[in-house]
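Listed below, chain by chain, are the residues.
There are 2 protein chains.
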Amino acid sequence: VSATWTRPVPPGITAAELEAALEAFADELGAERVLVSEADLREFRDPFQHESSDAFTASGVLLPTTVEEIQAIVRIANERTVPLWTHGQGRNNGYGGPAPRVKGSVIVSLRAMNRVLEIDEELGYAVVEPGVRWFDLYEAIEERGAPFMLSIADLGWGSVVGNTLEHGGTYLPYGLDFQMQCGMEVVLADGDLMRTGMGAMEGNRAWHCYKRGLGPTPDGLFMQSNFGIVTKMGVWLMPKPEVYMPLWLTVPRDDDIAPLIDTLRVLMLDGTIRMVPQIMNTLLLGAVLSDRARWYTGPGVITEEAIGAMAQGLDVGRWTMRFALYEDDAVADHKFAKIKRAFEEAIPGAKVWGTKHDPADIPHLEHPAERIQGGAPSLDWNNMTGWYGGEQGGHIGFSPIAPLTGRDAIEVRDLMRSMLAEVGLDYIAGISTLSPRSFVHVTMVIFDTSDADQVARAYDVCSRLVVEAAKKGYGEYRAHLDFMDLATDQYAFGEHAYRRFNERIKDALDPNGILSPGKQGIWPARLRDGDGVR
Amino acid sequence: VSATWTRPVPPGITAAELEAALEAFADELGAERVLVSEADLREFRDPFQHESSDAFTASGVLLPTTVEEIQAIVRIANERTVPLWTHGQGRNNGYGGPAPRVKGSVIVSLRAMNRVLEIDEELGYAVVEPGVRWFDLYEAIEERGAPFMLSIADLGWGSVVGNTLEHGGTYLPYGLDFQMQCGMEVVLADGDLMRTGMGAMEGNRAWHCYKRGLGPTPDGLFMQSNFGIVTKMGVWLMPKPEVYMPLWLTVPRDDDIAPLIDTLRVLMLDGTIRMVPQIMNTLLLGAVLSDRARWYTGPGVITEEAIGAMAQGLDVGRWTMRFALYEDDAVADHKFAKIKRAFEEAIPGAKVWGTKHDPADIPHLEHPAERIQGGAPSLDWNNMTGWYGGEQGGHIGFSPIAPLTGRDAIEVRDLMRSMLAEVGLDYIAGISTLSPRSFVHVTMVIFDTSDADQVARAYDVCSRLVVEAAKKGYGEYRAHLDFMDLATDQYAFGEHAYRRFNERIKDALDPNGILSPGKQGIWPARLRDGDGVR
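If you're matching them up, the sequences are chains A and B in order.
According to this note's numbering, the stretch in the first sequence is residues 75 to 608, in order.
According to this note's numbering, the stretch in the second sequence is residues 75 to 608, in order.
Hints listed in this document are in silico derivations from the structure and should not be mistaken for laboratory results.
It is possible that some hints are incorrect.
In this list, chains with the same sequence are indistinguishable; a pair is considered to hold if it fits within one copy or across any two.
[Claimed, not checked] Simulated crosslink set (BS3-like; lysine-lysine; CA at most 30 Å straight-line):
# : residue 1 : residue 2
1 : LYS425    : LYS414
2 : LYS425    : LYS412
3 : LYS430    : LYS414
4 : LYS412    : LYS314
5 : LYS545    : LYS412
6 : LYS414    : LYS314
Whenever a hint applies, use it, and build me the whole structure from the sequences.
Now the structure itself:
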């Protein structure tokens, strides 16, 4: 703990007013649920920011346990003009972690609201609070022996609700086109408690069965925004199939990404592959399975030769795709043969393989990717940030969306690789096909957080990538705090009609601007212009 | 043309102000695109309203052809406080047709904006204007020989955009859970032109490939609402499968609906059936294929005995399900055997049959249902409203949503049938399973529009059904003009938190309340209380 630490104060109020607000929060929640010490707050910084940075630091953290407490929090925040910043678990690594956009904001961490409220085994859905992690929901399903699979993200520590609200990907069939959310409960900025869809009718039986209501559907408004605090959400669960068959594809040349993507599109459009494949370049798999120094210790970016040696040494492709089938046994055989034929005919040297499993075996599979695609969460996919050595690896996720064509894959690859090379950073890429028509190219801009120069180069190149990618027609699917405004600036059609639309909704729903100001470039009126916050 | 006709005037302006506004519209659009005569307006009334009713009559109809003209229309409407009411084609039969909620509104008919702007054969999508009908888009696809199928509604005359915006069902795989819309362009009430999703970035390549953008997703807000006028929309197209296999299921007893639904749920949850089946009772098929007088001419509702005779005579079930497979040949065989076994084992006397077809044969199939499920539009499914004889049959669609369980199907059936019987109306039902977890029970409340007493009884019982269904936990998916307010009143959780949310958005986006006031129970501030409009 630094003796010189002073609590950051948000714009518009004084340090004394902030202290009084924190006391008011403590009166409501109990002092043990209001974190205010420098030591406690450290956990809520961007874990990958250079340690000298204090751009996105919070002034306190609230840990409510009930909807009523959240309503009390927004009441106090309105009365005292305190900016809040909400998260479920606050994972969000690569995009700023749990840290707020506006320095001095008070974090509303929903980690303690972690109950699985319902699992409906007849209709195949769960209802969860926002602090429920993939681990928690998976365990709740398995404990009662419910014959369902959950579509999960790579790392089990994340919040199911939080990931959903950030447009985070998941990999099982319900991850395709973000299918699994159904029905929300939301605390609005004025404390109103609203339920979406059929939940707007008290006692309606279809709240988590039908994604719409009578009238407009607001659910999408509460994702990647700051219009409300989601307190409950329905999650669709998929029945366990007769056969789970994780599959692998490797291709030998870097340009094979084009025919790979074009073949994949056909197989996804026709429904043969119905899940979210992830296509990794050699370096991404290398970062998970190995470390850089084993293959290259020279100057500048890793060489083509070293990448080739790595592919051979690790027995992976220049691109490797992880994917899976979830089918009746006979259909799995048919689809596997079709998939294998399609890729191996389209791409010389391509290899497709996989093994059928009883879904009961999923938690015991050796490869973490085969468990992830089977819905069994872990933290095993988290090794990659040690790439440049040291204990303090970090990364930025730079993640443009593109149409699912080989031409676009080549274009995005070339742009990312060349701009990263200019600043001496390796091109580490994971492409997830979020729908049969689009992919997100997650560029893992990895750095050593203790290397201030490397950190600065990483953030700088990402900012420039935002602009250069937009010039070519590619927009980010999610933006790091550091260039959130810049990324949203690129969405400028109609003289920023979309931003103005969001601002009008923001001002109507949250006139005091207390909910996550600046999130996704949406600023409340009082912070919108000229005061130096934005 | 009645000599005594006077143009209805909307609330808040005088007849002279209305006339001046109609002239201003004509100055912008040309007089031929502003319909003002009683004769021209007749086509834009609810076709099923009793002819003496003038509750929902418009004062004029505008037929813009460009986005710029729509922007001019909203400018004039704002300046002169003229309520507009927008439709694509204005079909919407059973829910009020093209007619406006507020008497004297000026209809903005987008029928003349009917261009198919783009068909992308690589990625499988089209971009259409709001006047494009199922017929038009189907023909555009077929004309260029694009190997794609469009998920269509029952009647080919409807607007693709209009149906989508009203939560209208379609039956092919992309109809499941309303998957096919991707990307919108919208004129807001202040004339702003906004594009949603990736379209918010000028020149973005993924506008119609990825359903979200960076930030909140507003698309759902423009459905069943009055927040904007949608001027373009992306529509996902499905590749034609190797085999199209329309299927039929009949069950012999009325209570068989319960095991039918429970078996169907399992087959939909596990992905065996991936489209929107429709389950019709004997009377619905009877209304399409036959007429009532052939089977029953006695007093009161049609008897059980007559229904039994009809089922036998028409060779249909007490419930008949139309559905289909779209698969590789080998998978179709596997799935057909599985489906047939599942239903025939679960329900004594159930029969499942069907024939595999090359998709090229779809337009030539004899049964209209087999063409509809194959994406080939027609008007052949439109015979049913002649049920009670006469040329002027009409119907109200009373359509609650329920979880996809046999218990719920029985509960909804019993409620509908008993309340309709009380007023002497037959129970005519089509159940569409919009997702693997929910169905919409479309109760076809058929009447003879020339029979004032029967019309009155039909509207009256529907209003009472709204309330009684809600008490049991079932809410309408779509509401007729006549009880739009009553239906939305039932969505009252949190002291009408959802309504207040919609009103805040309405007031923020459309402060003068010009866009479709009253639609889906959303009223602008100036018409909200006490002036007798609502």
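Each hint tested on the structure:
| no. | hint | verdict |
| --- | --- | --- |
| 1 | LYS425 - LYS414 | within (8 Å within a copy, 37 Å between copies) |
| 2 | LYS425 - LYS412 | within (13 Å within a copy, 32 Å between copies) |
| 3 | LYS430 - LYS414 | both (14 Å within a copy, 26 Å between copies) |
| 4 | LYS412 - LYS314 | both (23 Å within a copy, 17 Å between copies) |
| 5 | LYS545 - LYS412 | neither (38 Å within a copy, 51 Å between copies) |
| 6 | LYS414 - LYS314 | both (24 Å within a copy, 21 Å between copies) |
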